[in-house]
Amino acid sequence: EAGVVQSPRYKIIEKKQPVAFWCNPISGHNTLYWYLQNLGQGPELLIRYENEEAVDDSQLPKDRFSAERLKGVDSTLKIQPAELGDSAVYLCASSLEGSGEAFFGQGTRLTVV
Amino acid sequence: GDSVTQMEGPVTLSEEAFLTINCTYTATGYPSLFWYVQYPGEGLQLLLKATKADDKGSNKGFEATYRKETTSFHLEKGSVQVSDSAVYFCALRRVTGGGNKLTFGTGTQLKVEL
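These protein sequences, in sequence, are chains A and B.
For the first sequence, position 86 matches number 86 in my numbering, and the numbering has no gaps at all.
Take any residue in the second sequence, count from 1 to its spot, add 1000: that is its number in my numbering.
Take the hints with a grain of salt, since some may be wrong.
To be verified - Some chain B residues flagged as far from chain A (calculated, every beta-carbon gap over 10 Å):
id, residue
1, Val1004
2, Val1011
3, Gly1041
4, Leu1044
5, Gln1045
6, Lys1056
7, Thr1070
8, His1074
9, Lys1101
10, Thr1106
What the hints assert, rightly or not - Under 10 Å between C-beta atoms, here's a sample of chain B residues computed to sit facing chain A:
id, residue
11, Phe1018
12, Leu1019
13, Tyr1036
To be verified - Here are some chain B residues the structure puts well away from chain A; computed CB gaps all over 10 Å:
id, residue
14, Met1007
15, Leu1013
16, Ala1027
17, Gly1029
18, Glu1042
19, Gly1043
20, Ala1050
21, Asp1054
22, Asp1055
23, Thr1071
24, Phe1089
25, Ala1091
26, Leu1102
27, Gly1105
28, Lys1111
FYI, nobody ran anything at the bench for these hints, they're computed from the structure.
Glycine is no exception: its CB is placed at the ideal position from the N, C-alpha and C atoms.
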């Protein structure tokens, strides 16, 4: 069974440019999460989806970050415009249901220059 | 709010040495506790878990016991191998609003040398 797939693995962009990350969760998993992992830190939740509904986006900086999960399957996280401080690893995870074990993708390492 | 504190790294050990990585937590209610491992270039993988007090989680020779009285979940392994070199994250989970809320520690890097 395929795990959580994220792309791209690495992205380098100039500040003020837009960037998007894509995540395909494990088939059948209703819950999808986006986490931010700064260097030397643990992951922090940005947003959680139950199917296509964002049920917890309290930590998402909505002035520049947006996310969508159309059709309740794969998801896209966007930053526009990117800032130097956005350089980090963006992790996607999914679980069968809200209280189930979360499985993580390999992450997208973003570098803003 | 919820928080997880784990010992700072890097921890450097010789192969076959005993490993302890300390983890303590602060949370309301009765969280579940986890250890995740992140090997170089890979995503987070669940290593072990415990869902209630006095439970012991174990996997691949690693163990951790949920101690409610000391709010701790220390990770141990009797004999580490070079292949155990990775970053280890302690985490707690509370179910809020019908879903998971995972709170992670800052991670502890383990380096095992021959």
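Requested in this report: Please settle this one: B:Lys1056 was flagged as non-interface, so is its CB more than 10 Å from every CB on chain A?
Outcome: With a cut-off of 10 Å, B:Lys1056 remains clear of chain A, as the shortest Cβ separation is near 18 Å.
Query raised in the report: Taking the closest pair, is the beta carbon of B:Asp1054 still more than 10 Å from chain A?
Result: Consistent with the label, B:Asp1054 stays out of reach of chain A, its closest Cβ about 21 Å off (over 10 Å).
Query raised in the report: Holds or violated: is the Cβ of B:Thr1106 farther than 10 Å from all Cβ atoms of chain A?
Result: Not fine: 5 Å to the nearest Cβ puts B:Thr1106 too close to chain A.
Query raised in the report: Are all C-beta atoms of chain A more than 10 Å from that of B:Leu1102?
Result: violated, 6 Å
Requested in this report: Report holds if the minimum CB distance from B:Gly1029 to chain A is greater than 10 Å, and violated otherwise.
Outcome: holds, 14 Å
Query raised in the report: Does B:Phe1089 sit more than 10 Å from chain A, CB to CB?
Result: violated, 5 Å
Query - Given as non-interface: B:Lys1111, which should sit over 10 Å from chain A by C-beta - result: holds, 15 Å
**Report entry** Cβ separation check - B:Met1007 to all of chain A, threshold 10 Å
**Finding:** Label holds. Min Cβ-Cβ 13 Å, cutoff 10 Å.
Report task. Please confirm whether B:Val1011 is truly not at the interface, meaning its C-beta sits more than 10 Å away from all C-beta atoms of chain A. Result -> holds, 14 Å
Query raised in the report: Going by Cβ atoms, does B:Ala1050 stay more than 10 Å from chain A at every point?
Result: B:Ala1050 clear of chain A: closest Cβ-Cβ about 13 Å, beyond 10 Å.
Query - Evaluation of the interface hint that places B:Phe1018 against chain A, nearest CB under 10 Å - result: violated, 25 Å
**Report entry** Reported absence of B:Thr1071 from the contact zone with chain A (all CB gaps over 10 Å)
**Finding:** About 17 Å separates B:Thr1071 from the closest Cβ of chain A, which puts it past 10 Å; holds.
The structure fails hints 1, 3, 4, 5, 9, 10, 11, 12, 18, 19, 24, 25, 26, 27 (numbered hints given earlier, in ascending order).
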